[in-house]
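Residue numbers (UniProt numbering), protein chains in the order written: chain A, 1 to 318; chain B, 1 to 318; chain C, 1 to 318; chain D, 1 to 318; chain E, 1 to 318; chain F, 1 to 318.
No wet-lab data here; the hints were simulated from the structure.
Take these hints with a grain of salt, some might be off.
[As the list claims (entries may be wrong)] Within a straight-line C-alpha distance of at most 25 Å, the following computed SDA-like cross-link-like pairs (lysine to any residue) qualify: (1) B/K230 to A/T198; (2) A/K2 to A/N79; (3) E/K136 to E/E231; (4) D/K288 to F/S207.
6 protein chains.
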Amino acid sequence: MKGIAHYNEGEQVNHYLLVKSSSKGLTSGGKPFLTLILQDQTGDIEGKLWDSSPQDEHDFIPDTMVKVEGDITTFRGKNQLRIKGIRLVTSNDQVKKADLVMSAPLSVNTMLDKVTQYIFEIKNPAIQRITRALLKKHQDAFFEFPAAVRNHHEYVSGLAYHVVSMLNLAKGVAGLYPSLDTDLLYAGIILHDMGKVTELSGATAASYTLEGKLLGHISIMVNEIAETAKEIGVDGEEVVILQHMVLSHHSKPEWGSPKPPLVKEAEILHMLDNLDAKMNMMDRALEKAKPGDFTERLFALDNRTLYRPQFESKLPVE
Amino acid sequence: MKGIAHYNEGEQVNHYLLVKSSSKGLTSGGKPFLTLILQDQTGDIEGKLWDSSPQDEHDFIPDTMVKVEGDITTFRGKNQLRIKGIRLVTSNDQVKKADLVMSAPLSVNTMLDKVTQYIFEIKNPAIQRITRALLKKHQDAFFEFPAAVRNHHEYVSGLAYHVVSMLNLAKGVAGLYPSLDTDLLYAGIILHDMGKVTELSGATAASYTLEGKLLGHISIMVNEIAETAKEIGVDGEEVVILQHMVLSHHSKPEWGSPKPPLVKEAEILHMLDNLDAKMNMMDRALEKAKPGDFTERLFALDNRTLYRPQFESKLPVE
Amino acid sequence: MKGIAHYNEGEQVNHYLLVKSSSKGLTSGGKPFLTLILQDQTGDIEGKLWDSSPQDEHDFIPDTMVKVEGDITTFRGKNQLRIKGIRLVTSNDQVKKADLVMSAPLSVNTMLDKVTQYIFEIKNPAIQRITRALLKKHQDAFFEFPAAVRNHHEYVSGLAYHVVSMLNLAKGVAGLYPSLDTDLLYAGIILHDMGKVTELSGATAASYTLEGKLLGHISIMVNEIAETAKEIGVDGEEVVILQHMVLSHHSKPEWGSPKPPLVKEAEILHMLDNLDAKMNMMDRALEKAKPGDFTERLFALDNRTLYRPQFESKLPVE
Amino acid sequence: MKGIAHYNEGEQVNHYLLVKSSSKGLTSGGKPFLTLILQDQTGDIEGKLWDSSPQDEHDFIPDTMVKVEGDITTFRGKNQLRIKGIRLVTSNDQVKKADLVMSAPLSVNTMLDKVTQYIFEIKNPAIQRITRALLKKHQDAFFEFPAAVRNHHEYVSGLAYHVVSMLNLAKGVAGLYPSLDTDLLYAGIILHDMGKVTELSGATAASYTLEGKLLGHISIMVNEIAETAKEIGVDGEEVVILQHMVLSHHSKPEWGSPKPPLVKEAEILHMLDNLDAKMNMMDRALEKAKPGDFTERLFALDNRTLYRPQFESKLPVE
Amino acid sequence: MKGIAHYNEGEQVNHYLLVKSSSKGLTSGGKPFLTLILQDQTGDIEGKLWDSSPQDEHDFIPDTMVKVEGDITTFRGKNQLRIKGIRLVTSNDQVKKADLVMSAPLSVNTMLDKVTQYIFEIKNPAIQRITRALLKKHQDAFFEFPAAVRNHHEYVSGLAYHVVSMLNLAKGVAGLYPSLDTDLLYAGIILHDMGKVTELSGATAASYTLEGKLLGHISIMVNEIAETAKEIGVDGEEVVILQHMVLSHHSKPEWGSPKPPLVKEAEILHMLDNLDAKMNMMDRALEKAKPGDFTERLFALDNRTLYRPQFESKLPVE
Amino acid sequence: MKGIAHYNEGEQVNHYLLVKSSSKGLTSGGKPFLTLILQDQTGDIEGKLWDSSPQDEHDFIPDTMVKVEGDITTFRGKNQLRIKGIRLVTSNDQVKKADLVMSAPLSVNTMLDKVTQYIFEIKNPAIQRITRALLKKHQDAFFEFPAAVRNHHEYVSGLAYHVVSMLNLAKGVAGLYPSLDTDLLYAGIILHDMGKVTELSGATAASYTLEGKLLGHISIMVNEIAETAKEIGVDGEEVVILQHMVLSHHSKPEWGSPKPPLVKEAEILHMLDNLDAKMNMMDRALEKAKPGDFTERLFALDNRTLYRPQFESKLPVE
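Chain A extracted, bound-state conformation (with noise of 0.2 Å):
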């Protein structure tokens, strides 16, 4: 069957879809209609509902799966669905919620392996230990979740595939700058962002838990470290050092990080997070433009609008 990203202006749907937001609005005639992000594992489309009930309201709630009928129109350039027919999804559909999201492009299995060989190039055990407890406390979590709710790499396993890539982008780097502590890389990269399996709420549809809302995951990973290096035993400048390169990985206050960088390979860190995040946002927006064009405005890239050489030779990949 078709993706969700796929159809045309005037083209049919009927398809299974996953619900990711619902807001409710009133048209200027003062009429109650539903406007439903919906996805499967090609990507997102908006969609109308019109004249919803109150029992539409309470049941298309985000997270849920549902089978809709439709035609897709278009508005600013961008494809909308008209829902003419909407319904839960029973068991009788046979359709899971795996075959409804995004995911990143290698198996959980795959990036378990690559992350367990990277911890297993940690030659310091203060470091190795650490970072092997915590994984091994967060493992589901960290090979499902998203690596954030958007901008980047904002799907299932998400959070993995964005650890995989800053890994093999620091082994690249380091071979090119020896000087560079590749213990203290590895490990930093692995933990940096896994206190997001606390900040969020799982690893669809996901949304800021109270605890990702008054501490934030720099602060819940900075204590975890603390936490598991004592349960385990382990101290010494070694802890310090971690939980600082966490802390910093921002780099400035204003993005989060209550100290910036005081350490060579969390100034490196955070460059190698940033490099990753940009690159996927810029793949993903430059493969929507077509050559000659330019891509929309991309707010977490200062608002920008990319463009798309002529002459390019290479397709993005994502």
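With the hints as your guide, set chains B, C, D, E and F onto chain A.
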């Protein structure tokens, strides 16, 4: 014996003093000299030791007691001490460090009673138990450390004195705004700067520890609240909210809080902290100015210089 | 009769209300409608009058009383009123504007007594006479005007209520910090926002006057202090310092004060103003949120949304 | 006699000079010396009086005339005066302060005629009367004071000269943009900096008064316009708009204007003020640089250093 | 025939107009419509074409001429046009684009004479030859293009009109400040915005070209000065300084100039550019406001709204 | 012979050195002295020549070779050289400037091969030809100049070494993100700082040229790309995009780029530039710190001071 703060230009000094800081300079003719900040209970003075030897550099380091002879001169309106003789204190001198340091106007016991009394008024058992346990863990240092290295309450027991002042202020304010949750407010005040006992090196001539520089007192304390709660078997929203109050008490990212206050009592905690700290800074600066004059520039008050009106009838009180 | 703030979705309204603001819109089909903010003593509600006529536009302007029939609907979690019938109030209705506006929880007489008492406590004759003369000049408006058009104390007598709260707060704080000059502080509090009686158009449905827009309440009051002092034959440093306290009470240039506070009591005036205003905003926002929920975004608090803990035992009080 | 600005390294000086400022220093060997800024009509020079006595400190204070002997040396490309002999001027010396100060290139009478002529061209009677009355009140000081303590027009009669230049500029600009209201523009120019006569201490060696520091020349003048209008029985919108023009002439809060220009002529007033002040600063800095060189850093021009092209055919004129 | 700017609510329109921009919307009921900005020589109006077809979207694109029938309505105080009939202009209509666009108040020939005269006054041969050569290269576009897409002089020949106004202004200012090098100033004015002929797509309904977006008119012109100088065999400091004047004419990095003005005439060029542009914006906004009213918010003037005094005797002139 | 970086306090020096900078001072007793920065291949040292003569000032200017005798002293933890004898180098000394300057760790030939190889890998003929032509034009200077006057790669051939490091980095990154257009990236890296050969005065003791100060290396190179493309007959989008990559490589206006990166490879170019420059700065600062210590403050890293962990097993490599 007259305190070091009370000498005038031209007088002779023969005095026990504590070295607060020491730095080496070269005269424009290329000769070494030491600039020592020397203190007793009444204040401190900059001393110059001309033609200093390597042995002098080695001996007169921060937190050592010395016997000094010299003359008072003035420079840019401030007293200076031209050191003619200086030696380390020996056991024969029978002088104790406590005799040479400024400290809070209340005794440790008085402040301990006060803080204990406020903890007793906390009704929520989770909040009370966490606060009590943390105070117990750090009790000695908490009642001895300064509140800061400079700017406000930077003397022995300054931290506890700042906390007691804020608790009294909180009680007064809560009397006028009955919606305030005094459990949260009292606990937040007691814990907000407790991380300073780890951030700073000691009660006198304090500098920053490695943990202080790489993590900061806010992150340190946010960690300890989680750890202590776990140790004493407390969980629930109270833990997260106490962590949040400490995390947010500097109010803005650029002032060191990765999250702004998102709970009413956290906002009020920030305001009372600010009020008490500024009052302390302003009183001490105005005390040194005569009516009709401006104070020196106050770095921590955006470099302002304050005016002391001529008509005031009350004297600033320290 | 039930207040407008206490209706639920689906209920019928038949109610006297005061028009707070009115603006015309066009439906996407090109038809005119009016959006009216309508209030009584309990709060306000957005009303939609569909298919409005030019006569409607002409009649239902700010500060007029109307009789309204309609249904309560909801939109984005807020109540809306779909107006089915609306007419101007006539003398037969026997309804007074005072019945339809929110006002301070204390009576004008109580507040007048309070302020008079505080003026009586001012010992410096120059400060007392200026304060008394200015209060006398603006007495009626001072006890009727709101403290602001929006954000805090934006109701009848809000200005005086804000001043009384600050005076009580100042008395408490001065009890703990005896170096504070209460003469300056009380006078500064009474005068700091008095220019609002010229900056704003009236006690209800207030907007900005030309002087308000071109000069602002701070400059207006700084002028009046000089003028009044001259009229009653007072001169000396007290005049300049009172002017300075008003001039600097917003603390920073970008908040409207061309000079920062350079006198201790001016700094404290700013802080108490801030504390009382924020307490008012926070209490009112939290009152509308349930325990465990976040408030709506609060523009005047840097767009924060505040959390109301689940465990609180006390209710916010307005 | 050659002016102090025209000596070269190695020459002997024997000269009457005015002390502009005086500050005490200590050599690195601990000996006191005075740094005096000394001026005559051609400019100023930094003088060093080594081994100064307390009597010297007492005598050689700002705004006193002295007779000085010494040698010209250079330091960082600037002349310095090594003082070998210095004494106070006595009545026998027959030297007047006016002989030792820089002043505007036009005489007071010429400038008075010019300003009077422009006032005469103001047609609106309210605007004309207020302007005339204020000029009369401050006439002597207005034609003697500098426009600032430093940066631009900081010499005797600098304020009036700056005003006359701006008036001529305004006439030219209004000729090209006939919609400009010259009544407002001329009055605004004459009044915009008149508050300096209260903000500054005098015509020579000026410092800030208490009113200057606590209120500033803008607030001072905004007050006086209101007061004067009342005294001469003028009211109406003209008063508010003249106040607004003075209030807003620094254009931005962070530059001292609590309101930005909201009337066209207020915006133009700001621009002409800026243009004349910068032209004065740039001309004087470039005059000291040779073609092909850069000037010293100019603090009031964002610390820029300006280039003087090699090919220019015209010399900068002061 | 009455111009489109002069209709009132309720009147019928039957008019030739030029499409300035076109965008598609959806009604809240999901039906497509077009919002067209339509202009003639007197101004522009927003038109709504309800129930638009794909053919309409295809036909009514920017820079096409149309014949329109409809009614004038109002929304938020602005006229709107409800389109009842619209068709493309054909050759039978005998209407030219020049009849439908606003243009500068001076003819191209008059402006060409003026600019030529100023070039003739440039005495330095290098500066004169470069300016002349560049004007020749871009002569047609230079006298046809607008000075900007919006905000100021955004009409046919707006660029040349802006340049002529600035040249007249420069002549007046240089008369008062004789140290100004008019060769540099006149050349800088003529060249400063000439890059717009490459940055923008055309004289009417202009948008940004790829070079405009990726390089900007400043870099484009800095390049062309170097290239042209080489072509005509001119070198020396004059080339670098002309490049610098164009490079720095926006004054600050955040306004598009990588270097601030470092030559006096560059600073004055910036100020005159600013003065003429703001005068144009202010006059046009004030023309639409009645005495005693405020204008709409002006984005390019920091979102200010300007007051038009009641007492003014002169009308704003465009 | 031991390099100047390897002496300790108290040792005697008798050494050939190159003058990097020279400035005159006055002792507080009024006597002239010279402060010389003197270098050899191992680093530089500040030397003091007391009681200097006008002849000394004339002789010991930047980029001259000298023979120096003196003693090593220390000041604020840094070595200083007290000069006892100094003379200019003559032909008899048989010392070459190349013996006294730091230079890149790779030879010019090695780097030339590397860059040539990368150009060879560029497949797009337009991009390759422009890059090749520009390298040929500036080849000698390109392989000799430093990358900057201070902060990073500020030694002979530093520019080419920085480019080679970035090319290697780009190859590694492009291997992991196959959507990157290596043609653009390699060309952008080779050209991004090539304008420095015009901005700076030479390979050693470099200062800024007039073009450097008034235009900057970015504008200079953007010009040259256009010019060179025209000369070799290349046009098309490639030219504009290469210009854009150079123009935007500082990323933000306040860092010198009038346009932000709007092409993916331009963004990546900025990030790799930043990564290589910071790595160079950090490695060199950490090399001078002992494990467990902090470095001196690093101006170009926001004034941070970096910590060198105690447990690191690898040494920083230059």
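Structure-based check of all given hints:
no., hint, verdict
1, B/K230 to A/T198, "17 Å, holds"
2, A/K2 to A/N79, "15 Å, holds"
3, E/K136 to E/E231, "13 Å, holds"
4, D/K288 to F/S207, "23 Å, holds"
Figure legend: structure checked against the earlier numbered hints; every hint is met.
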